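**Student:** Here are the chains, one letter per residue:
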Amino acid sequence: MEILEKLGIDWKLLLAQAVNFIVLFFVLRRYAYKPMLDFLEKRSERIEQGIKDAEAAKGKLSEMEVKEKEVLSAARNEARDIVAAAEESAKRRDAERFAETESRVKSALEDAERKIAEEKRRIMDEAKSEIASLVSLSVEKVLQEKINATADKKIIIEQ
Amino acid sequence: MEISIAAEKLFSIGNFPVTNTFMIGVIVSVFIMIATSKLRKLETIPRGFQNAVETIFEALFNLVESVTQNKEQARRFFPLIATIFIFVLLSNWIELLPGLGTVGILHGEAGHVTIIPFLRSTSADINFTLALSLITVISVQVAGIAALGFAKYGKKFIVSPFHKPYVIGTFVGILELVSEIGKTISFTFRLFGNVFAGEVLLTVMLHLVPLFLPLPFLFLEVFVGLIQAIVFSMLALVFLKTATLPVEH
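Residue numbers (this note's numbering), protein chains in the order written: chain W, 776 to 934; chain F, 2 to 250.
These aren't lab readings, by the way, just hints derived from the structure by calculation. Just so you know, these numbers come straight off a predicted model, no measurement behind them. Just to be clear, a hint being listed does not mean it is correct.
Stated by the list, open to error - Once the Cα atoms are required to be at most 27 Å apart in a straight line, the calculated BS3-like pairs of lysine-lysine come out as: (1) F/Lys10 - W/Lys781; (2) F/Lys184 - W/Lys781; (3) W/Lys809 - F/Lys10; (4) F/Lys42 - W/Lys817; (5) W/Lys827 - F/Lys72; (6) W/Lys817 - F/Lys242; (7) W/Lys787 - F/Lys10; (8) W/Lys809 - F/Lys72; (9) F/Lys39 - W/Lys817; (10) F/Lys42 - W/Lys809; (11) W/Lys881 - W/Lys895; (12) W/Lys817 - F/Lys72.
The shape of chain W in the complex, shown without the other chains (with noise of 0.2 Å):
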């Protein structure tokens, strides 16, 4: 036991750092390491969630642009097929209309035809009737009137 006594050995002094040490222990265990490593961990995992949503994003976003080609272009295919199908459509219309056109002009022009006919009829049996009335007019004055004898004869000659 003298060498304990040498180095200085104290129980009472042994005791004293131990529980120096442990208060020193348990005050930092309960006011920084905790606190301290708990921090640490929240900010690595709120790191790693930013970090897993910023790829969680590109790929998203690709996912999203490959989407939008595929989108775009089955616009532009249905827009070419409107555009296609309208101008068939119109095409047609058009033949449509043309052809009604044609047969209302060809209607109209035999409305036309019937009716000029119809008028020449009309005035030539106008003008027959009028010319009849004229002659039995002409021959009864003609008849009426003293005819000289010559004139009778004419006429009967030409008759």
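Dock chain F against chain W, hints included.
**Tutor:** Below, chain F alone, put in the same frame as chain W:
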């Protein structure tokens, strides 16, 4: 100049002798606690003191994690390792402050007066290093029992001579038991020896040539103090880890 292996008594409180090393230990502890109180409000974007503490904590924690290979275990061991590291480091570096071996109270009779310095590294006191070693070794046993259970942990030391390696196993067990005591002693004297020797060296150099000559030794002691703190805490960590590993034979 008088060099004493034992820490010098400054005064007594009742029956309790207050030595310079104990006083320094208390002052360092209080200093660390005051510094801790600055960490009350932690900010997401660290600045200044918090940044420095974070860097040290992260490096230390990664080291502990790399040794334990287990995050939960790292969290359990970290407080002890970190406290040992911080406290031993600061108490080692105390000897670098001016006043080592020169500022103190006069002691002795006329004709033979010596200085009892106020400043003496806590690690240059066997009482402290022994206390710390005992705390560490006891923690190692507790960690081993907590991880493996009392019976399984006990099998590391007490091995039946009637099984496979027969008597050899028993002897190995006894050796393991002795090595636990050896750990305590080597812990104690490694730290004490290094720091005490450093203090003596610095004091002697200071008394030989007060100017410039102590400078290289001061730089040397910065390293020694850091290395001893690392060695103590890392050995403690490795012992803690090995204690939790199951028996191989």
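**Student:** Are the hints correct? Go through all of them and say.
**Tutor:** Taking the hints in turn, this is what the structure says about them:
1. F/Lys10 - W/Lys781: Since the Cα atoms of F/Lys10 and W/Lys781 sit roughly 14 Å apart, the hinted pair holds (cutoff 27 Å).
2. F/Lys184 - W/Lys781: The hint holds at about 22 Å.
3. W/Lys809 - F/Lys10: 37 Å, violated
4. F/Lys42 - W/Lys817: 15 Å, holds
5. W/Lys827 - F/Lys72: Cα-Cα ~21 Å, so holds.
6. W/Lys817 - F/Lys242: Answer holds: W/Lys817 to F/Lys242 is near 26 Å, not above 27 Å.
7. W/Lys787 - F/Lys10: Roughly 13 Å separates the two Cα atoms, so the pair holds.
8. W/Lys809 - F/Lys72: 14 Å, holds
9. F/Lys39 - W/Lys817: 20 Å, holds
10. F/Lys42 - W/Lys809: The hint holds at about 13 Å.
11. W/Lys881 - W/Lys895: With a Cα-Cα distance of about 21 Å, the restraint between W/Lys881 and W/Lys895 holds, given a limit of 27 Å.
12. W/Lys817 - F/Lys72: Holds: W/Lys817 and F/Lys72 sit about 14 Å apart, inside 27 Å.
Hint 3 alone, counting from the list given before, is not met by this structure.
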